[in-house]
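Colleague: If you're matching them up, the sequences are chains A and B in order.
Oh and the first sequence: position 288 is 496 in our numbering, straight run, nothing missing.
Oh and the second sequence: position 100 is 308 in our numbering, straight run, nothing missing.
Incorrect hints may appear among the rest.
Intra- or inter-copy, both count: the list cannot distinguish identical chains.
[Unchecked claim] Simulated pairs of lysine-lysine, DSSO-like, Cα-Cα distance not exceeding 30 Å:
1) Lys412 x Lys293
2) Lys526 x Lys425
3) Lys412 x Lys275
4) Lys293 x Lys403
In case anyone wonders, no lab produced these hints; they're calculated from the structure.
Remember, predicted model here, so these are calculated numbers, not experimental data.
Protein chains: 2
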Amino acid sequence: MIPERVLLEMAKPIIHHRTRQFEAVLEEVRQQLKWIFQTKNEVLLQASVGSGAMEAALVNCFSAGDKVVAIKSGKFGERWSDQAKAYGLQVIEINVPWGEPVAVGTLEKILESHSDVKGVLCQACETSTGVYHPVKDLGSLVHRHPQCILLIDAITALGITEIKTDQWNLDVVITGSQKALMLPPGLAMISFSDKALKHNSQAKLPRYYFDVKESLKAQLKNQTYFTPPISLIQGLRVSLEMMREETLPHLFDRHKRLSHATREGVKAMGLELFSKAPSDSITSVVAPAAIDGEKIVKHLQEKYNFTIIGGQDHLKGKIFRLGHMGYCGDFDVLSMVSALEMTLKDLGFSNDLGRGVSASLKVLHGH
Amino acid sequence: MIPERVLLEMAKPIIHHRTRQFEAVLEEVRQQLKWIFQTKNEVLLQASVGSGAMEAALVNCFSAGDKVVAIKSGKFGERWSDQAKAYGLQVIEINVPWGEPVAVGTLEKILESHSDVKGVLCQACETSTGVYHPVKDLGSLVHRHPQCILLIDAITALGITEIKTDQWNLDVVITGSQKALMLPPGLAMISFSDKALKHNSQAKLPRYYFDVKESLKAQLKNQTYFTPPISLIQGLRVSLEMMREETLPHLFDRHKRLSHATREGVKAMGLELFSKAPSDSITSVVAPAAIDGEKIVKHLQEKYNFTIIGGQDHLKGKIFRLGHMGYCGDFDVLSMVSALEMTLKDLGFSNDLGRGVSASLKVLHGH
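Take the sequences, apply the hints, and build the full model.
Modeller: As structure tokens, this is what we get:
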């Protein structure tokens with residue numbers, strides 16, 4: 209969902225990107241991005257969706273044949289691993305069962321036995337399963353290996369849950385516009401630590417559109433190397449302003465409260481949570497044995513006009529996922545939980561209507 | 209400039225891309241793109257600006273070491289050549305003096321003496337100089353070489369001037385959202401001929417984000433492989449609808465009329481055109497010897513609130529460029545020419561105020 213304030217900003221007549229007016233927008237956005245990323249480093253804007261930023265992270269940090277570890281615990285972990293293989297990297301995969309967070313000890317052993325691992329790829333929140341990985345601990349671990357950097361896909365985490373880029377030693381952090389940042393998709397952001405920039409200076413993978421060197425140079429002058437997605441950047445200025453008004457502690461607390469209320473609502477309906485380490489952005493739920501999860505998604509859409517998403521790949525039909533990130537408040541969660549209750553009743557899953565929403569209400573009121 | 213109708217469409221509450229509603233938008237956009245590209249082939253949507261589509265064209269059609277010819281007649285010709293080199297292609301450059309169109313005979317000789325050239329890269333309109341290249345003739349020539357494909361960057365040409373993708377044998381045609389298509393930047397489009405897809409099946413350059421195979425497969429089902437730039441695609445549906453209402457002949461005729469009026473206005477002011485083969489999208493003008501072109505750009509912006517652009521690289525200060533593409537009508541051109549006249553007067557270039565705009569007016573009235 210996109211706030212009206214952002215939609216209306218983007219509906220203003222467009223400005224040209226080679227003007228002082230746009231430079232002023234970019235200057236403000238750059239400063240606020242450092243604030244939300246909790247970094248002193250520049251956060252690079254890029255005209256792509258999140259998967260393009262995942263690719264940019266790879267091609268700017270590595271050379272063909274380099275060894276990286278990919279933490280695969282869902283669809284997006286798989287994607288990053290596949291991207292790395294497509295560019296000829298040697299990928300050591302940690303296959304974490306979908307629904308579980310990675311065990312830091314597993315990575316630790318690999319890094320001890322392979323002193324030539326140059327990078328570790330991990331999602332902060334694995335969107336396909338709703339799992340939140342122990343990003344902070346991964347940061348401490350990788351920090352002890354001077355040749356190795358930690359790359360974090362924080363697309364459904366940054367601006368939702370605490371991500372202390374610098375303090376936690378996260379070398380590359382990426383995000384996209386359409387989650388916490390409350391914008392349409394089409395704009396991605398990436399930060400690079402000094403350690404990552406050192407990798408960059410030796411990285412030989414072919415790149416041009418995603419090359420950060422010229423783009424960073426231009427951005428430091430409030431300009432862009434390529435034509436930027438102007439309207440999204442104008443919208444970003446406003447959404448960051450809104451987040452700044454809310455303040456970081458409140459932002460994180462709101463998402464914590466909303467996810468907690470969602471989980472309690474779901475459990476009170478007699479449903480089981482899928483994620484063993486639930487994120488604050490998305491709640492994944494096991495579909496009742498007798499009901500196809502896809503049917504729940506479809507029914508919610510068609511009868512109640514609620515968009516939730518189903519499971520991906522082998523989880524299709526087995527789970528469904530409830531989003532509560534970005535422009536989302538208490539009553540959105542109560543409505544969503546209510547619509548889910550009614551849907552389950554419609555589909556013949558016996559439950560006492562009101563149990564779920566009551567449980568959610570108690571959490572929200574008590575917080 | 210973006211039509212209010214498009215801005216308001218994009219300001220509507222966003223829809224999720226995995227919904228029937230979005231599939232219907234995509235279905236309509238796909239059909240209309242074939243119409244504007246004048247092709248029977250699928251036109252792939254991509255979340256990037258135009259330079260990303262230039263890169264996608266390369267990585268999907270070639271392998272490292274492949275030989276291509278790059279027609280360099282300005283900034284964007286240079287960019288494509290640099291991109292090709294960044295990916296390890298062998299690039300034969302045709303260096304055309306900036307301001308001139310390529311001589312087809314030059315390419316003909318190269319293709320005759322190098323039977324292993326796999327592709328030719330050329331802009332339709334070289335935006336940095338305002339030159340329109342003989343795209344149709346290049347198509348006929350390359351068509352006679354079965355191992356070679358023609359890749360056309362039509363970013364400032366498609367939807368402005370006739371580009372008959374299929375009939376002229378243009379194997380890869382790319383464009384971006386922010387020119388003729390009257391949208392903010394951030395969405396690119398690419399078409400591939402059967403000959404280009406045959407190249408694709410042998411192309412080994414590393415790619416993932418820009419890989420067309422999965423994306424094409426998804427798009428044929430009105431879906432997208434990655435999250436798409438939803439709001440831009442919703443806006444595109446409306447801008448294509450507007451273009452359809454205008455009809456292709458009127459669209460091309462309008463741009464012809466506007467560019468003609470601009471040229472006559474500029475000449476009547478005593479200024480010299482820079483391009484020897486002026487495009488219908490952009491008119492490049494030699495700055496008077498005594499005045500820095502950058503000063504003209506700045507003055508127009510600051511005093512008259514008109515955005516025009518200066519020259520790039522070695523043409524900085526030497527030329528300036530007047531745009532008249534997309535959402536632009538007679539009175540926009542008359543205003544622009546008037547503002548330019550006043551600017552030149554302000555900056556001490558002696559001229560009779562009204563000469564330029566009178567000449568433009570005559571063209572527009574007579575057409």
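Colleague: Is it within, between, both or neither when you check Lys412 against Lys275 at 30 Å Cα-Cα?
Modeller: both (14 Å within a copy, 21 Å between copies)
Colleague: Since the copies are identical, ignore which copy is meant and state whether Lys526 and Lys425 lie within 30 Å (CA to CA) inside a copy, between copies, both or neither.
Modeller: This pair counts as between: shortest inter-copy Cα distance 25 Å, intra-copy 47 Å.
Colleague: With identical chains, the pair Lys293 and Lys403 could be close in the same copy or across copies; at 30 Å between alpha carbons, which is it: within, between, both, or neither?
Modeller: Cα proximity of Lys293 and Lys403: in one copy and across copies (23 Å, 28 Å).
Colleague: Indicate which option fits the pair Lys412, Lys293 if close means a Cα-Cα distance not exceeding 30 Å: within, between, both or neither.
Modeller: Classified as both; 15 Å inside a copy, 13 Å across copies.
The structure is consistent with each of the numbered hints, conforming to all of them.
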